[in-house]
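A.B. asks: Below are the chains, spelled out letter by letter.
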Amino acid sequence: MGGKAALLLVLGFSSIMLMVALNMNSVSSMAIENSAGHFEESAAKEIARSGINIAATNLSRNSSWTPSGSPYSYMGTNNLKISVSDVGSVKIVTSIGTYQDTSKLIEVKMQMKSFSEYAYFSNIEGSIWWTGDDSVWGPFHTNDDMQVQGHPYFAGSPTSHAGTMNYYTNKSSDEPTIIGTYTPGITIDIPTDGITALATSASGGGYVFSGNSDVYLEFAGDSIKYKFNSSDPYTTVLGSDLAANGVIYAENADLHIEGTVKDKWSIGGNQSVYLDDDIVYSDVPDPMDEDDSSNDLLGIMAKDDVIITNNTANQSDINIHAAIYCEDGGFKAEDYSSRPTSGHINLIGGITHEQRGAVGTFSVSRRGVKTLSSGFDKNYKYDSRLKRIVPPYFPSTNTFEILSWLE
Amino acid sequence: MGFSTLLDILGAMLIGGLMLLTINTMNKSTAETSSNFHSDLIAQQNLVSIVQLIEHDFTRIGYCEDVDSILNPQEMITEADSTSITFWTDLATDASEFRGDGIKEKLTYELGPDIIGTPNPDDKILYRYKEGTTKDASNLGITKFALTYYDNMKNELTHPIDPTLIASIQIDLRVEDCYGYDSDNTEKTHEEIFPTVFWRQIRMATKNISR
Chain S
37 MGGKAALLLV
47 LGFSSIMLMV
57 ALNMNSVSSM
67 AIENSAGHFE
77 ESAAKEIARS
87 GINIAATNLS
97 RNSSWTPSGS
107 PYSYMGTNNL
117 KISVSDVGSV
127 KIVTSIGTYQ
137 DTSKLIEVKM
147 QMKSFSEYAY
157 FSNIEGSIWW
167 TGDDSVWGPF
177 HTNDDMQVQG
187 HPYFAGSPTS
197 HAGTMNYYTN
207 KSSDEPTIIG
217 TYTPGITIDI
227 PTDGITALAT
237 SASGGGYVFS
247 GNSDVYLEFA
257 GDSIKYKFNS
267 SDPYTTVLGS
277 DLAANGVIYA
287 ENADLHIEGT
297 VKDKWSIGGN
307 QSVYLDDDIV
317 YSDVPDPMDE
327 DDSSNDLLGI
337 MAKDDVIITN
347 NTANQSDINI
357 HAAIYCEDGG
367 FKAEDYSSRP
377 TSGHINLIGG
387 ITHEQRGAVG
397 TFSVSRRGVK
407 TLSSGFDKNY
417 KYDSRLKRIV
427 PPYFPSTNTF
437 EILSWLE
Chain R
19 MGFSTLLDIL
29 GAMLIGGLML
39 LTINTMNKST
49 AETSSNFHSD
59 LIAQQNLVSI
69 VQLIEHDFTR
79 IGYCEDVDSI
89 LNPQEMITEA
99 DSTSITFWTD
109 LATDASEFRG
119 DGIKEKLTYE
129 LGPDIIGTPN
139 PDDKILYRYK
149 EGTTKDASNL
159 GITKFALTYY
169 DNMKNELTHP
179 IDPTLIASIQ
189 IDLRVEDCYG
199 YDSDNTEKTH
209 EEIFPTVFWR
219 QIRMATKNIS
229 R
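Same order as they appear, the protein sequences are chains S and R. In terms of the numbering used here, the first sequence is residues 37 to 443. In terms of the numbering used here, the second sequence is residues 19 to 229.
Rather than coming from a laboratory, the hints here were simulated on the basis of the structure. Some clues are possibly wrong.
Keeping only pairs whose Cα atoms sit at most 25 Å apart, straight-line, the calculated DSS-like set for lysine-lysine is [what the hints assert, rightly or not]: (1) S:K423 - R:K124; (2) S:K423 - R:K122; (3) R:K162 - R:K124; (4) S:K207 - R:K172; (5) S:K207 - S:K300; (6) S:K261 - S:K300.
A few chain S positions that, by computed beta-carbon distances, are all more than 12 Å from chain R [claimed, not checked]: (7) S64; (8) S109; (9) G168; (10) D169; (11) T195; (12) E326; (13) G365; (14) K406; (15) N434.
Even glycine gets a Cβ: it sits at the ideal position worked out from N, Cα and C.
So that you can see chain S by itself, here it is in the shape it has in the complex (with noise of 0.2 Å):
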């Protein structure tokens, strides 16, 4: 009786303990799985994030790149499925990571930028340096090094240069204040036939000039007025009747600009720009509103440099309203260390060129305070406009903007 007993005991112990071994075992194979399940989520967006990279990367060396090799296998079997897609101007890529039995999904939108985009963008910076007085309100982009000395300012999105960061000082006393994107190392080439294919779009809907060595154009709101000779009269036409996609160029010409501007413009030539007077825009955008419902936009393209006429109207200030752009040259002041001091260059616009030109000359006293002693002091503001609206054929990057991720 008690051997039965003791038996029953035993058996009931075990029942009871088996029971308890059996729950915990759940507890930890629970705890485990959603361990795993967690780990293959993250696996999967990771391959999927890869997938993203991959496309990105061959859309920058090949705007019509397709993924031909999709599915790829990556950490799996044809486990990354690649996709892109245009939707006008929007390129779609979209990337399906698989690890184990979990999916995930990133739909990346991109688009081309355009050089109109950049407040500042160069090639060669030369010895300039970008001081603390010195703030840039939107996209900037130099090829070279950035040299900053006493914390510069860059507000616009996105900051980025291929060369080094070179500290005037050191980085405690000269940091730049950058808000919103950085990328360093990363190199956009100016590209060598921007003014070739403005040429192009201005034979197929616009206006070539040719045969003189010289152009002056005055814009007067809905008309454009021309001449080659500077003691020549004015021909006064309409400016759609002109050029109605928008483009003139000036072929083996130097092209003299001024006057008030209506509606979308790209102007420019195969030699140098010179800006003899004020060139604005007839309903003048807040620069800072990127949604200013002003229709008004001028691009100015040079193959070598967009030049400020030392000359008369040009000696108490200069009023520019435009995106330039020099391929081979740079923006600047000519005569800029012999000219009479000339007060400001206002520009509501962006600079884009090949190498960074001098618009004056200045003396610093021995209280730091910086005095003009010949040519222009700056004010240049980011038109926002150029955001999102581009002048006529104005030079693309070549590369692709993000403009969501999604995942």
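With chain S's structure known, arrange chain R on it following the hints.
C.D. replies: This is chain R only, laid out in the frame that chain S set:
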């Protein structure tokens, strides 16, 4: 009844008593271990759920399905503090939808005050709410939700935070069991009573900010 019978009874009582004591100890130990296992599991499951939600929302800071409505990166985060953040995003109209509806909304994450009524003295509610809606939330045992912000030069931003300078965010999250086991036992440490799990996302750079 002789002396030997008395000894038998006493021996049986002693053995029975020891057995009862053993069973009681084993029962207590089993209950504690089981409770700790379950508490660990619950805390871990809660953590994973919260982390998935945070990763989902934070990677979508600044996202909008309508490309014409996408903000500049410096405008995407509107308010930032050590335990709260408000940003623009595009929420789906239905939880089963992957994409947003193309309309931007302001979403806020905010750590609330301590919850009264649970044995855990540190648990708090993490609110997640859309601008213009009520702060609904459930207690998942969050005891820490800390945000640290960095600028483009990898410097930690100091308070008050300027949202326009944020380039990446570090998120610290600690989840504990709300009830624990043997919470009245003063000899046990807080961690022994309330199983704890911790998660840290080091410098999460949301893709839309760094686009």
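A.B. asks: All hints are to be evaluated individually against the structure, with a verdict given for each.
C.D. replies: Verification of the supplied hints:
| no. | hint | verdict |
| --- | --- | --- |
| 1 | S:K423 - R:K124 | holds (23 Å) |
| 2 | S:K423 - R:K122 | holds (20 Å) |
| 3 | R:K162 - R:K124 | holds (23 Å) |
| 4 | S:K207 - R:K172 | holds (13 Å) |
| 5 | S:K207 - S:K300 | violated (43 Å) |
| 6 | S:K261 - S:K300 | holds (16 Å) |
| 7 | S64 | violated (7 Å) |
| 8 | S109 | holds (25 Å) |
| 9 | G168 | holds (16 Å) |
| 10 | D169 | holds (20 Å) |
| 11 | T195 | violated (8 Å) |
| 12 | E326 | violated (8 Å) |
| 13 | G365 | holds (31 Å) |
| 14 | K406 | holds (27 Å) |
| 15 | N434 | holds (18 Å) |
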